[in-house]
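S.K.: If you want the building blocks of each chain, they are given just below.
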Amino acid sequence: MSRFQVVSGKGGTGKTTVAAALALALATEGRRTLLVEVEGRQGIAQLFDSDALPYEERKIAVAPGGGEVYALAIDAERALLDYLQMFYKLGSAGRALKKLGAIDFATTIAPGVRDVLLTGKACEAVRRKDKQGRFVYDHVIMDAPPTGRITRFLNVNDEVAGLARIGPIHNQAQAVMRVLKSPQTAVHLVTLLEEMPVQETADGIAELRAAELPVGSVFVNMVRPHLLDEDALRTAAGGRRKEIAKALTRAGVTGSAALVRPLVEQAAQHAERVGLEREQRAVLAGLGLPTAELPLIGDGVDLAALHDLATELRKQGAGEEGDA
Amino acid sequence: MTADTPVTDPALPAADGGLDTDALLDDPGIRIVVCCGSGGVGKTTTAAALGVRAAERGRKVVVLTIDPARRLAQSMGIDRLDNVPRRVDGIGGEGELHAMMLDMKRTFDETVEAHADAERARAILENPFYQSLSAGFAGTQEYMAMEKLGQLRARDEWDLIIVDTPPSRSALDFLDAPKRLGSFLDGKFIRLLMAPAKVGGRAGMKFLNVGMSMMSGTLGKLLGGQFLRDVQTFVAAMDTMFGGFRSRADATYKLLQAPGTAFLVVATPEQDALREAAYFVERLAAEDMPLAGLVLNRVHGSEASRLSAEQALTAAENLDDTRIVDQRTGKAGLGDQEDPDPAVTASGTTEPPLSPEAGQASGPEPAAEHQDTTENEPPHENIADTATAPEAGIVDANGTVDANDVISIEELTAGLLRLHAERMQVVAREHRTRDRFTALHPEVAVTAVAALPGDVHDLDGLRAIGDRLAGGSAPAPAGAA
Numbered sequence: 001m002s003r004f005q006v007v008s009g010k011g012g013t014g015k016t017t018v019a020a021a022l023a024l025a026l027a028t029e030g031r032r033t034l035l036v037e038v039e040g041r042q043g044i045a046q047l048f049d050s051d052a053l054p055y056e057e058r059k060i061a062v063a064p065g066g067g068e069v070y071a072l073a074i075d076a077e078r079a080l081l082d083y084l085q086m087f088y089k090l091g092s093a094g095r096a097l098k099k100l101g102a103i104d105f106a107t108t109i110a111p112g113v114r115d116v117l118l119t120g121k122a123c124e125a126v127r128r129k130d131k132q133g134r135f136v137y138d139h140v141i142m143d144a145p146p147t148g149r150i151t152r153f154l155n156v157n158d159e160v161a162g163l164a165r166i167g168p169i170h171n172q173a174q175a176v177m178r179v180l181k182s183p184q185t186a187v188h189l190v191t192l193l194e195e196m197p198v199q200e201t202a203d204g205i206a207e208l209r210a211a212e213l214p215v216g217s218v219f220v221n222m223v224r225p226h227l228l229d230e231d232a233l234r235t236a237a238g239g240r241r242k243e244i245a246k247a248l249t250r251a252g253v254t255g256s257a258a259l260v261r262p263l264v265e266q267a268a269q270h271a272e273r274v275g276l277e278r279e280q281r282a283v284l285a286g287l288g289l290p291t292a293e294l295p296l297i298g299d300g301v302d303l304a305a306l307h308d309l310a311t312e313l314r315k316q317g318a319g320e321e322g323d324a
Numbered sequence: 001m002t003a004d005t006p007v008t009d010p011a012l013p014a015a016d017g018g019l020d021t022d023a024l025l026d027d028p029g030i031r032i033v034v035c036c037g038s039g040g041v042g043k044t045t046t047a048a049a050l051g052v053r054a055a056e057r058g059r060k061v062v063v064l065t066i067d068p069a070r071r072l073a074q075s076m077g078i079d080r081l082d083n084v085p086r087r088v089d090g091i092g093g094e095g096e097l098h099a100m101m102l103d104m105k106r107t108f109d110e111t112v113e114a115h116a117d118a119e120r121a122r123a124i125l126e127n128p129f130y131q132s133l134s135a136g137f138a139g140t141q142e143y144m145a146m147e148k149l150g151q152l153r154a155r156d157e158w159d160l161i162i163v164d165t166p167p168s169r170s171a172l173d174f175l176d177a178p179k180r181l182g183s184f185l186d187g188k189f190i191r192l193l194m195a196p197a198k199v200g201g202r203a204g205m206k207f208l209n210v211g212m213s214m215m216s217g218t219l220g221k222l223l224g225g226q227f228l229r230d231v232q233t234f235v236a237a238m239d240t241m242f243g244g245f246r247s248r249a250d251a252t253y254k255l256l257q258a259p260g261t262a263f264l265v266v267a268t269p270e271q272d273a274l275r276e277a278a279y280f281v282e283r284l285a286a287e288d289m290p291l292a293g294l295v296l297n298r299v300h301g302s303e304a305s306r307l308s309a310e311q312a313l314t315a316a317e318n319l320d321d322t323r324i325v326d327q328r329t330g331k332a333g334l335g336d337q338e339d340p341d342p343a344v345t346a347s348g349t350t351e352p353p354l355s356p357e358a359g360q361a362s363g364p365e366p367a368a369e370h371q372d373t374t375e376n377e378p379p380h381e382n383i384a385d386t387a388t389a390p391e392a393g394i395v396d397a398n399g400t401v402d403a404n405d406v407i408s409i410e411e412l413t414a415g416l417l418r419l420h421a422e423r424m425q426v427v428a429r430e431h432r433t434r435d436r437f438t439a440l441h442p443e444v445a446v447t448a449v450a451a452l453p454g455d456v457h458d459l460d461g462l463r464a465i466g467d468r469l470a471g472g473s474a475p476a477p478a479g480a481a
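Top line first, the protein sequences correspond to chains Z and Y. Position 312 (the first sequence) corresponds to 312 in this note's numbering; numbering is contiguous. Position 90 (the second sequence) corresponds to 90 in this note's numbering; numbering is contiguous.
Hint data in this document are derived by calculation from the structure and do not stem from the laboratory. Where hints are given, some of them may not hold.
[Claimed, not checked] For each label pair, taking beta carbons as the anchor points, the in silico distance ranges come out as:
| # | chain 1 | residue 1 | chain 2 | residue 2 | range |
| --- | --- | --- | --- | --- | --- |
| 1 | Z | Asn171 | Y | Asp176 | 28 to 34 Å |
| 2 | Y | Arg436 | Z | Gly40 | 20 to 26 Å |
| 3 | Y | Asp321 | Z | Leu296 | 25 to 31 Å |
| 4 | Z | Glu212 | Y | Gly29 | 51 to 57 Å |
| 5 | Z | His226 | Y | Glu282 | 38 to 44 Å |
| 6 | Z | Arg134 | Y | Asp82 | 50 to 56 Å |
| 7 | Y | Pro259 | Z | Glu212 | 50 to 56 Å |
| 8 | Y | Arg106 | Z | Ala52 | 38 to 44 Å |
| 9 | Z | Glu312 | Y | Glu282 | 35 to 41 Å |
| 10 | Z | Gly300 | Y | Gly29 | 15 to 21 Å |
| 11 | Y | Leu440 | Z | Gly298 | 18 to 24 Å |
Backbone N, C-alpha and C define an ideal beta-carbon position, used for all residues, glycine too.
Starting from the given sequences, assemble the full structure and let the hints guide the process.
M.R.: Below you can see the structure in the form of structure tokens.
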């Protein structure tokens, strides 16, 4: 199973939640995972209800069987200073660079440098070994930028390697690219059963494949329960209003006659949505990738809900590579 | 027709906490509406729907979208949006709708061409550093959106410009990026980078102090000499444009603070989206930018809200458990018997006449129920079979529905009740989330847009959303109270 799992998806599909659940799911049986975020949103801290994450790997959860989840919010500026320190022992000169705006320049404006630093830091964690030569983290899971930007984000190393043709940044970019394009990596996409996110998922997969980046699974998030046999409902409910009213009365509902119309209407809307969802499922099935479904968590995702989602992912064997 | 058929009561005043989108769109003083919010909340659709509505209310409108889904472009009858405003067909009335999609690279290229002589422009456009910068790195898209907005406004061809904002990692990037790019291009560091290139390479270095030369050398090592040279050449070529960049970024920023601009923060009634919305509201206030209100998309309501989730679930259980046994005792006091459906009378809806089939069915039905009662007292296993038999009888008698009735009326009704319970839980959750926002920002006017079951595919879909935008200014969405 891929050691570096990148989770992307259209905005609003719950990327961070899925990434966190995956980190928990992969951390069972005494394994250790690292969950990283790269967009400075502190989404992981909010999800785990902890203080803002510092630029430091820190344990945020335990998984069944003694597993551990660590988290890290990668900060491009700090990562750059780290590199400079590592390669050049800059010391106070690093602070001088910062004062001049050079760090700002390098991390926000210079093409792709920021992205190289972010993916570079994650890849470093993927490759890191302890004194016994074992990997420090069994898996690194990245809460990545959205689908619209993911290919550029991951592929930017190629671009930078071309732009900065020599030097440490060039070497760094090439090393990162080797990890990203290997079977060690899987890029997952999170979607909802709605037209636009599914379309974006299909487009995103095509782009990833064109860039030769290994596509993993599709995670269908916020799937709502099917409460009724929709076909039976659609065809039957309309003509059976009077019976429904009586059944409601029998069930102890007062004023049932007036409730029938809105209830049947809600059911019709539900049936319409289920029909649309079925179409989108078919589109997703056509992508030929492993798919996992996660249920809608009604009342906001808390730690308990994350564990439930992780259990669900384990059951469905999530995290396996697709065409990686 | 769309302009005057709001979904909810049109008489509702937009005063107490409501956002009157029509008043906003009709105001001739408003020249720019900016839709902002976090990803996936329907910003672009909202911008397009506002555009259609404003045009059909007689204004000449251009919608600047940043990254529309293909479907959305098609919904405006345009297969491909590009960097030039295209007129949208099928708009009713005197107004006009034009739509365009920001092409970041082309906008950047055009800006360069407009502000540098031909030779210098070519040098810039061919520079590898420029090519990467303009192809879309952090901030470029936001900056170019602002640049384009400034250009459109300067042309003064439209009554109203509606802008969608880029799908940033955070809603705030849109405000920050232009400033960042502006100050960067004007900054100390860039001057430093330029120095060697301007005076011809290493000769310039001696004028720099030790720290600076070390830094420049470090960057050279880090990024590679070629890269640094590309940057230096680029910066030197752009030199004459710096003043222009900075002043245009400032001008656009001021334009956004002017009274002719209105910001609409777009969100869905979900925690994350509303948290971003709250940040944005605070940020706009800090920047003196005029906030018109909050558009809350995909809000759920129910016309059967009189029946709570708990009551619906209890009733569904009653149908499961005591389905057949004794209907009379199953009525465990779920509501006030005397109550003549206040929700229904209040909302003015009347129950549609029962279908004639159902009327006819009233004959055989009691008999069927009786049959159930006597035949199937306790054992649940048998219910399905025995329930089917009488159902089938009714259906035959009416000739309406066919063999799909493997589902009994009890199952069907219990299903309807569970569905309703789920809906009511969603409604309650959305209310809680919304209340938290309102408690933080009671001053923000809100319009709630009822959720549509499917996606928008055409102008009618956008009109339907426009209707909901205009009609959603009631303190709570229809029936959701």
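S.K.: Are the hints correct? Go through all of them and say.
M.R.: Evaluated hints:
1. Z:Asn171 <-> Y:Asp176: 28 to 34 Å: At 32 Å between Cβs, range holds.
2. Y:Arg436 <-> Z:Gly40: 20 to 26 Å: With a Cβ separation near 24 Å, Arg436 of chain Y and Gly40 of chain Z satisfy 20 to 26 Å, so the hint holds.
3. Y:Asp321 <-> Z:Leu296: 25 to 31 Å: holds (27 Å)
4. Z:Glu212 <-> Y:Gly29: 51 to 57 Å: Distance hint for Glu212 of chain Z, Gly29 of chain Y holds at roughly 53 Å.
5. Z:His226 <-> Y:Glu282: 38 to 44 Å: holds (41 Å)
6. Z:Arg134 <-> Y:Asp82: 50 to 56 Å: holds (54 Å)
7. Y:Pro259 <-> Z:Glu212: 50 to 56 Å: Distance hint for Pro259 of chain Y, Glu212 of chain Z holds at roughly 52 Å.
8. Y:Arg106 <-> Z:Ala52: 38 to 44 Å: holds (39 Å)
9. Z:Glu312 <-> Y:Glu282: 35 to 41 Å: holds (36 Å)
10. Z:Gly300 <-> Y:Gly29: 15 to 21 Å: violated (41 Å)
11. Y:Leu440 <-> Z:Gly298: 18 to 24 Å: About 23 Å separates the Cβ atoms of Leu440 of chain Y and Gly298 of chain Z, which means 18 to 24 Å holds.
Hint 10 alone, counting from the list given before, is not met by this structure.
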